[in-house]
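Respectively, the protein sequence lines represent chains A and B.
Note that our numbering gives residue 66 to position 66 of the first sequence, counting from 1, and the numbers run on in steps of one.
Just add 1000 to the spot in the second sequence (first one is 1) and you have our numbering.
Simulated from the structure, these hints should not be mistaken for laboratory data.
A virtual CB, placed ideally from N, CA and C, is assigned to each residue, including glycine.
Among the hints, a few may not be true.
What the hints assert, rightly or not - What follows is a list of derived Cβ distance ranges for each label pair:
1) Arg1046(B) / Arg193(A): 40 to 48 Å
2) Pro1115(B) / Arg168(A): 53 to 61 Å
3) Phe86(A) / Trp1095(B): 53 to 61 Å
4) Asp1089(B) / Pro22(A): 55 to 63 Å
If you want the building blocks of each chain, they are given just below.
2 protein chains.
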Amino acid sequence: MTVRVDLNLSLDGIVMPADPTPENPMGEDWGRLVAPYAATKTVRERVMHDTSGEGTTGVDDRYAAAYFEGVGAEIMGAGMFGLHAFPDDPDWRGWWGEEPPFGYPILVLTHRERPPLEFANGTRFEFLVATPEGALERAQGLAGGADVRVGGGASTVSAFLAAGLVDRLHVAITPIVLARGVRLWDDLRELERDYTVSSEIAESGVIHVTFER
Amino acid sequence: MTVRVDLNLSLDGIVMPADPTPENPMGEDWGRLVAPYAATKTVRERVMHDTSGEGTTGVDDRYAAAYFEGVGAEIMGAGMFGLHAFPDDPDWRGWWGEEPPFGYPILVLTHRERPPLEFANGTRFEFLVATPEGALERAQGLAGGADVRVGGGASTVSAFLAAGLVDRLHVAITPIVLARGVRLWDDLRELERDYTVSSEIAESGVIHVTFER
């Protein structure tokens, strides 16, 4: 019943690049930030539905595979689901098309309730007005003993980390300097005090840092 | 004739912790930031004049030893020398006592010239009103074919990096989150484009990242 967070960061700690637009919801730098992750065999199969069998199989892929293992429910912020980009569209169903790469229930934290959304592959979005603690209790109920992921975005993850609710934080640091966007660490002074921190370098140059309780 | 920079950073890119005071010129977090570096055999011998032979001898010590190898001159900002903490003290001779751990000429960039300072071990501080390019030309003349270090502080290093004057940047990232202080990367967007970036994890948990041309 671990509560887990996995994020891609730039070397300067940017978790959400600048200048998101409806057409380019993660900002122009997103592609470079997640390129090593997107190149893995696991992500190509699981997220991009690429059946070619291609993709990297090293350290990055090991983390990508672990990302999809053992999660029973997820919590995400309204912005990550897309409610800030499309606030007035009652038909918005998320960024992921009709086969979202989850397969489990997802709680979307919002300020205004909406009816839940169901997909054929077991993904179910439920919209919730709740504190982090309240959302976590509900997610743990839905996860049936499996792990809960806090998926993002930046402010949602930061709130859960600051509240001490996260058991394991894994950041995949791409060695690029973005200098523009939302930084993860600003409200997390001395986060390391509650965790054991370990690191590993992937073949791609990505630095994987794990905070584990 | 490489132009080199070596810095200690927190995981969130803080190079100069908050709240410096004359009594604690590097801020209260400095000790934690540089603890793995200060624990090396090389730094204990070279900086602290510890003759016990104790100290770590792993990856951190290899970088510490390289730090002292092959440098013929150094450039530093006025703040790093201490002129901001003691602006009106004509007798101020730097933080390092009568045996500064340099042994070569150092150019201190300032807005007001002062007479040079000489020490018995070959360290000589010269105060210079100059652009980064001008200071570098003078330092290369003094270095006699050896490398030039840009020592610090944050704004001096950032100016040299932004001007494209640095051949090798090595950052030793201590896996702690400070969240307060001066960040290195803010003016260095896409710095990686001019360099090959490689990384290595030390036994201490420090992440050594090197940008090399």
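Structure-based check of all given hints:
no.	hint	in the structure
1	Arg1046(B) / Arg193(A): 40 to 48 Å	31 Å, violated
2	Pro1115(B) / Arg168(A): 53 to 61 Å	57 Å, holds
3	Phe86(A) / Trp1095(B): 53 to 61 Å	56 Å, holds
4	Asp1089(B) / Pro22(A): 55 to 63 Å	58 Å, holds
Comparing the model with each numbered hint stated earlier shows that hint 1 is the single one that does not hold.
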